[in-house]
Amino acid sequence: MSITRRIAVVGGVAATTVLLVSGTAFAHVTVQPEGAAAQGGYAVIDFKVPNERDNASTTAVEVHFPTDHPLASVSVQPVPGWHAEVTTSKLAKPLTVHGKKIDKAVSKVTWTGGRIEPGQFEQFPLSVGQLPTDADQLTFKTLQTYSNKEVVRWIEEQKPGADEPENPAPVLKLTPAADTEGSTGATSDTASSDKAAGDGSSTPDTASSAAGTSDNTARVLGIIGILIGVAGVAFGLLAGRRRAV
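Its first residue numbered 4, the sequence shown is counted upward by one per residue in the numbering used here.
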């Protein structure tokens, strides 16, 4: 095999690796807080929905809320081009929020009317609370509908010690209240003015997502590392070729 062909093969493998890493990172529907999501507090959370099809657009996103830890207050931030519908259900056991008995909670939020084209993604923000104090994460099973009528069900839960499932459900990690005591109070004061579940009101303040920034930085560094590795291999092959001559 000629030196040029070897370099081409190595470069092709590296490029494929980069594409696979990028595809895996962006393929899943995920949920991340804007700032902290502290137990017992309120938080703004973003559902990130990528389009992973080349020949169809995403036309609907349906997020189901956990029934074991119901959330009484959910406010929708408008997303241009999309209509949000909040569905509430009666609770078997009423909640007490700010000294008030709540017998209904949000069971799902559905976004329709917009389109996420191939190669694009959209973020759907919600203000939610009061987060449970007896759980360290919340699972939001999600259905993603495409223009060709295909429905991808992001509903599989991660089992301890097992590989990540093919269609994992979005999971919101909660932090202990003591870790974010200063910011939790401010967030609670702001979110406490939200109406009870299903009021459809919007949350005007949107913070930058630290988790999203970290993800992007990690991807960039990973790709740079791969490219540096390719360059090193190519240099080694060229050097070997010169020594042989």
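Heads up, a few of these hints could be off.
[Stated by the list, open to error] Below, simulated DSBU-like cross-link-like pairs (lysine-lysine); rule was C-alpha separation at most 35 angstroms, straight line:
id, residue 1, residue 2
1, K51, K152
2, K103, K144
3, K51, K96
4, K152, K103
5, K93, K107
6, K176, K111
7, K152, K104
8, K162, K144
9, K104, K144
10, K111, K144
11, K152, K176
Hints were generated in silico from the structure; no laboratory data involved. None of these values were measured; they are calculated from a predicted model.
Hint check:
no., hint, verdict
1, K51 / K152, "holds (20 angstroms)"
2, K103 / K144, "holds (28 angstroms)"
3, K51 / K96, "holds (31 angstroms)"
4, K152 / K103, "violated (42 angstroms)"
5, K93 / K107, "holds (4 angstroms)"
6, K176 / K111, "holds (19 angstroms)"
7, K152 / K104, "violated (41 angstroms)"
8, K162 / K144, "holds (15 angstroms)"
9, K104 / K144, "holds (27 angstroms)"
10, K111 / K144, "holds (9 angstroms)"
11, K152 / K176, "holds (31 angstroms)"
Violated hints, listed in ascending order, are 4, 7; each of the other numbered hints is respected by the structure.
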